[in-house]
Structure formats: structure tokens, C-alpha cells
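Input sequences plus hints: build the corresponding full structure.
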Amino acid sequence: MDEMTVLDRFRAEVPRPGLDELRSEEARLMAAIAGADAGVDSASVRRVRLVRRGRLTIGVAGGLAAAAVAGVVVVTARGPEQGTVTHVMPVAASRVLTRAADASTGFPELRPEPGQFLVYESQTMDPVESNSAQGHARYLARSVRKVWLPVEGDSTRGVIEERTLAPRPYPGWPIPPSARRAGPNGGPEKLADFDDRAEFLRNDFAYVSRLPTEPQKMYEHLYTRLGTGPQADVEAWMRVGGLLTEAYLPSAQRVALYRAAAAIPGVTTVDRAVDAAGRAGIAAAKTVGGVRREYLFDQRTYQYLGQREVVTDAAVARAPVGSVLTSTAQLRVSVANRAPRVDS
Amino acid sequence: MSDSSPSDADGTDDGADDAAVIERSRRHPEAFAEVFRRHAPDVKRYVTRRLGRDAAEDVVAETFLAAFRQRDRYDLARRDARPWLYGIATNLVGRYVRDEVRQLRAVQRGGGDPVSESFADRSDERVSAQAHGRRLAGALASLPEGHRDALLLVAWGGLTYPEVAAALGVRVGTVRSRVSRARRRLRRELGEISPTLFVREETVHG
Numbered sequence: 001m002d003e004m005t006v007l008d009r010f011r012a013e014v015p016r017p018g019l020d021e022l023r024s025e026e027a028r029l030m031a032a033i034a035g036a037d038a039g040v041d042s043a044s045v046r047r048v049r050l051v052r053r054g055r056l057t058i059g060v061a062g063g064l065a066a067a068a069v070a071g072v073v074v075v076t077a078r079g080p081e082q083g084t085v086t087h088v089m090p091v092a093a094s095r096v097l098t099r100a101a102d103a104s105t106g107f108p109e110l111r112p113e114p115g116q117f118l119v120y121e122s123q124t125m126d127p128v129e130s131n132s133a134q135g136h137a138r139y140l141a142r143s144v145r146k147v148w149l150p151v152e153g154d155s156t157r158g159v160i161e162e163r164t165l166a167p168r169p170y171p172g173w174p175i176p177p178s179a180r181r182a183g184p185n186g187g188p189e190k191l192a193d194f195d196d197r198a199e200f201l202r203n204d205f206a207y208v209s210r211l212p213t214e215p216q217k218m219y220e221h222l223y224t225r226l227g228t229g230p231q232a233d234v235e236a237w238m239r240v241g242g243l244l245t246e247a248y249l250p251s252a253q254r255v256a257l258y259r260a261a262a263a264i265p266g267v268t269t270v271d272r273a274v275d276a277a278g279r280a281g282i283a284a285a286k287t288v289g290g291v292r293r294e295y296l297f298d299q300r301t302y303q304y305l306g307q308r309e310v311v312t313d314a315a316v317a318r319a320p321v322g323s324v325l326t327s328t329a330q331l332r333v334s335v336a337n338r339a340p341r342v343d344s
Numbered sequence: 345m346s347d348s349s350p351s352d353a354d355g356t357d358d359g360a361d362d363a364a365v366i367e368r369s370r371r372h373p374e375a376f377a378e379v380f381r382r383h384a385p386d387v388k389r390y391v392t393r394r395l396g397r398d399a400a401e402d403v404v405a406e407t408f409l410a411a412f413r414q415r416d417r418y419d420l421a422r423r424d425a426r427p428w429l430y431g432i433a434t435n436l437v438g439r440y441v442r443d444e445v446r447q448l449r450a451v452q453r454g455g456g457d458p459v460s461e462s463f464a465d466r467s468d469e470r471v472s473a474q475a476h477g478r479r480l481a482g483a484l485a486s487l488p489e490g491h492r493d494a495l496l497l498v499a500w501g502g503l504t505y506p507e508v509a510a511a512l513g514v515r516v517g518t519v520r521s522r523v524s525r526a527r528r529r530l531r532r533e534l535g536e537i538s539p540t541l542f543v544r545e546e547t548v549h550g
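Chains as they are written, first to last, in our numbering: chain A, 1 to 344; chain B, 345 to 550.
A few of these clues could be false.
What the hints assert, rightly or not - Sample of chain A residues at the chain B side, in silico, Cβ under 7 Å:
#1 VAL14
#2 ARG23
#3 ARG210
#4 THR213
#5 GLU214
#6 LYS217
Said to hold, decoys possible - Chain A is nowhere near these chain B residues, computed Cβ spacing over 12 Å in every case:
#7 SER369
#8 ALA400
#9 ARG446
#10 SER460
#11 PHE463
No lab work stands behind these hints, which were simulated from the structure alone.
From the three backbone atoms N, C-alpha and C, an ideal C-beta is built for every residue, glycine too.
Now the structure itself:
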């Protein structure tokens, strides 16, 4: 046995992975390919990204030329907030979320420490509405984003690197020339200038680690300060999205969240849904103001993939039934000791 | 990929070599996915053996992103893209050199192998847990980075000397001398524990 034989056997137990084990890497390449595909790599306007997660609104620095048309597609519940209402969790009805809960304990667990950052890489598509001297325009802005969020604290301490991808038309609207003009690209930049979330809508790791691990208690958390009825159910469903989007829950809380979400009235299953990175999955969905808001999972592993909003009522959403208006693919979550330095 | 020739499962193809696929991807970016399908599994295994699973995921993703962005500059005379891809990957591995060395030192000290422990249950049967494996790890850790790169591209990447030269952008003679010195170093370390076990031969490998 010579030294090359010893070397050959050293770590030989590391297997040659199959392509199905390279999906994260492939998704990042496919995102880059998708960006190169249309030849246009950036959009004009620095978007004011009004990310609505339930009642949460985060404001991002930038020009005021465009604003997400969140009002059209994301209807936040108004009115049902009340004082003390007891919410009894019904029997879970969503097969997708129940299976996701069952599968969820098997995933490798991230264990971020205080002072570290969780790093979320995703590809997104959001409607943008712009009203300027050039007229009224709508289009679907797309980007690849990497966000660093502190383990504890709000998103004003977050950092984003974002690369704009070629825009897509909003159904029935031409892409405005302004959407294709070269805009700022890259970063890093400060994620948010303000974060006015109520305490119970926080989704930083330190906070979500303290959430209940019993489904019934998690269900109550989702309905905090909500009344009963369809609008409260819609709001609770949006809050589930807030805990899935650029948030990382410890396994016990994640299982509880999926089981609680599975019990929200009116949740349906979508057997095939394709996320922003082209990955096909299965979704749990609920109709919200003319669109079906879907949370997508891998159909084999039930790992969370992303979210979509698909038009179900053309009159309300002002787009043809079946159009995908909002789409997010979470490509990777990891832990970092620090976020990139931001010049300001 | 609808108008490109399909490739066999084992990565060979019936007509389009890597250069042809890369050339096509300049006009049709989606064609580049084929380069990934052909080579990502082997590149991933090579990088994982050097750095472990987590860092390998980053390195492999960035390798193919970098390759994709550089596809316009690829020399189409090189029909096989492996030296190019392994070169990019090895360069990116260099960012993690401290982690690589730290993990090798852990093996050397007998503290287990952070790289391979997630892949095998029978940790005691791994080479890295045995005396010669620990010696080997120590020797690898103390090699100059360029020597380790050349040696591991041959041993784990399966590249020939000319391919390693292309991957690292050095002359073939440089590769030969780096590999030769690296092997001598390994032999010396291993020979200290069981001098009779190792055949003293100077023929080059690969």
C-alpha cells in the first residue's frame, strides 16, 4: 500500500451525490440563468418594497417612483381585531401542512447563536405599480436577494444584497420602459429603515424560539388580537407567511406552526405549484382577496420552498384567473458570524 | 434544452462535447444547465472531501455561477470542461484554507473527522480514524497550498498532470514537481509508523 492508496481511501466514504442532492446549487445556477435569459438584468426604479406580512409593513429606503401594489393582491384583514377572544383550534384539515409537520423533525437543524446572523437567499417576483409623469404602469419585478438578519432584533439591523432580474409583464399591461432602465444592483444595503411590527408579529430567531411548541398554543398565537370569522382566518394565514418568509423556526416551533396552520379554516391543497426558481412542489393555500395565497413544500421531503399568489377572481385581482402575481423561492438558509458592512 | 442532443446518464454524450454545450449556452443560457448536470456531482464530491458538506455547497454553487458568468471567455478548443471547473472550484476552496487545515489537524489529533463523520456510521473503520489516516491528515495539512491543490486534483479530482496544469494555470513541469514533493512528504510521514508497509517507488500517479 503506497501513499496514494492511503490518500485514495482517505474520506472515501464521502459519496458522489446524485443531482437530487444538488438542488440548492442547481437552483442558484438556474436563478442566474433566468436572469441572463431575457437579456435585461436590471429594473429602473429603486423599488419601495412594501413587504406586507399580515399587518407587518417594513419600509425600505429608496426613491418614491414605484410602490408594490400590495393593496390589490394582499388584503390584510381590517376590523376583526378585538380584545380577548378564545380561539379553539379545529381538527387539522390540511394534509400538506400535516405531512410537513411530520417530516419537519428530520431536517438538519441550524443552531444560530446570539450575535450571529441568519442568511436567507431567495428569488422573488412582486407586482410593482408606478405612477409618474410618464403615466401609470404595472409590471412584475423580479430579483435574487440575499438577506442577513440578526438572530435577535428587528430588521433595521438587517442587510440585503439584491440583484434585479428581467421584469415580467403584469397580465394585460405592457412593461414600462422605466422598468428596464439600469438601476442599482448589488449592495450590500441596509434592509429596512423602520420596522413597526407589533411584538407578536416579530419573526427574529430569538423571538420565534420562545413561541409555543404546542399546536393549540401556536394557533392562539396566530390569532393574537384577532376576532373570529373569515377575515380573522385570512389574517392568521398571512401571519403564517410572516413566520415562513425570511424567518427560521427551531424544529419544535416549526412543527407546531405547521400543525396550527393546518387547522386554519378554509385551507386547501394545490397538488402542483412551481416556485420562482422553477422547483415544482405541493402547496397549502387559502383564498385571500381574489388570489390564492400558497405556501409551497417539496413534494418528497416537505421542506419549505416558497410562496405564491395566484389569481382566483379576475374582477377582484384585475388579472386573469391563474396568473401568478407574487412568487418567492427560498433557496438557502444559513448562519453567518457577521453581515456585510454597509456604507451609509 | 429541447433542441440540444440528450446526454447519457453517465455524463458522456452522443455528439455534443462540453465545448459545444458551452458555445451554445452563449446564445441560449439555459443550455448551461447541461454543464451542471454533467459535472456537478463529481465536483461536489471533490470539494466535500476537502471541506465538508456545508462549505462544499457554497463552493459548488459559486463554482457553477462563476463558470456561467465566464462562459464567453471559455477556450472552446478545450473540449472537456473538467479542468476549467475544477480550477474554479479549487480556487474557491482556497478561501476556506483555514477551515481545511483546521479539520485536517483535528483528524491528526485523533479528534474525529468533521468532514466525513456525517457520511458514515462506522467511524472506527474510517481511514481517518486509523493511525496512518491521522498521519496522512497531518501531512496534508502541512503541505503548501499549491502542492495540496495539485496532489488532490490528481488523487481526488482524477485529473491528469496536463489537466491539473490547465486547472491551476501553471506549467505541467510545475505540477509534476509539486505532486512529487507532496508525495514524498506523505511517504515520509506514513513511513514513520510502518516503514515496511510502503513501497518506495517513484513512478508518477495519474
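>> Quick check for students: does the CB of B/ALA400 sit more than 12 Å from each CB in chain A?
In response: violated (9 Å)
> Hey, does the A/ARG210 contact hint survive, CB to chain B under 7 Å?
Replying inline: With a closest approach of 27 Å, the A/ARG210 hint is violated.
> Taking the least C-beta to C-beta distance, is A/ARG23 closer than 7 Å to chain B?
Replying inline: Where the cut-off is 7 Å and the nearest Cβ of chain B is about 10 Å from A/ARG23, the hint is violated.
>> Hint validation: A/LYS217 versus chain B, beta carbon distance must be below 7 Å. Holds or violated?
In response: With a minimum Cβ separation of about 33 Å from chain B (threshold 7 Å), the hint on A/LYS217 is violated.
> Would you say B/SER369 is clear of chain A, with no C-beta pair closer than or equal to 12 Å?
Replying inline: At about 8 Å from chain A, B/SER369 fails to clear the 12 Å cut-off, so the statement is violated.
> Any Cβ of chain A at or closer than 12 Å to B/PHE463, or is the non-interface label fine?
Replying inline: Since the minimum Cβ distance to chain A is about 5 Å, B/PHE463 lies within 12 Å and the statement is violated.
> Can we keep the A/THR213 interface hint, with Cβ of chain B closer than 7 Å?
Replying inline: This hint is violated: A/THR213 lies away from chain B, its Cβ roughly 26 Å from the closest one there, beyond 7 Å.
> Minimum Cβ distance from A/VAL14 to chain B below 7 Å?
Replying inline: Interface hint status for A/VAL14: holds (5 Å vs cutoff 7 Å).
>> Tell me if the interface restraint on A/GLU214 is satisfied: Cβ within less than 7 Å of some Cβ in chain B.
In response: violated (31 Å)
> Beyond 12 Å from every Cβ of chain A: is that where the Cβ of B/ARG446 lies?
Replying inline: holds (15 Å)
> Just checking, B/SER460 versus chain A, shortest CB gap more than 12 Å?
Replying inline: violated (5 Å)
Consistency note: the structure conflicts with the earlier hints numbered 2, 3, 4, 5, 6, 7, 8, 10, 11.
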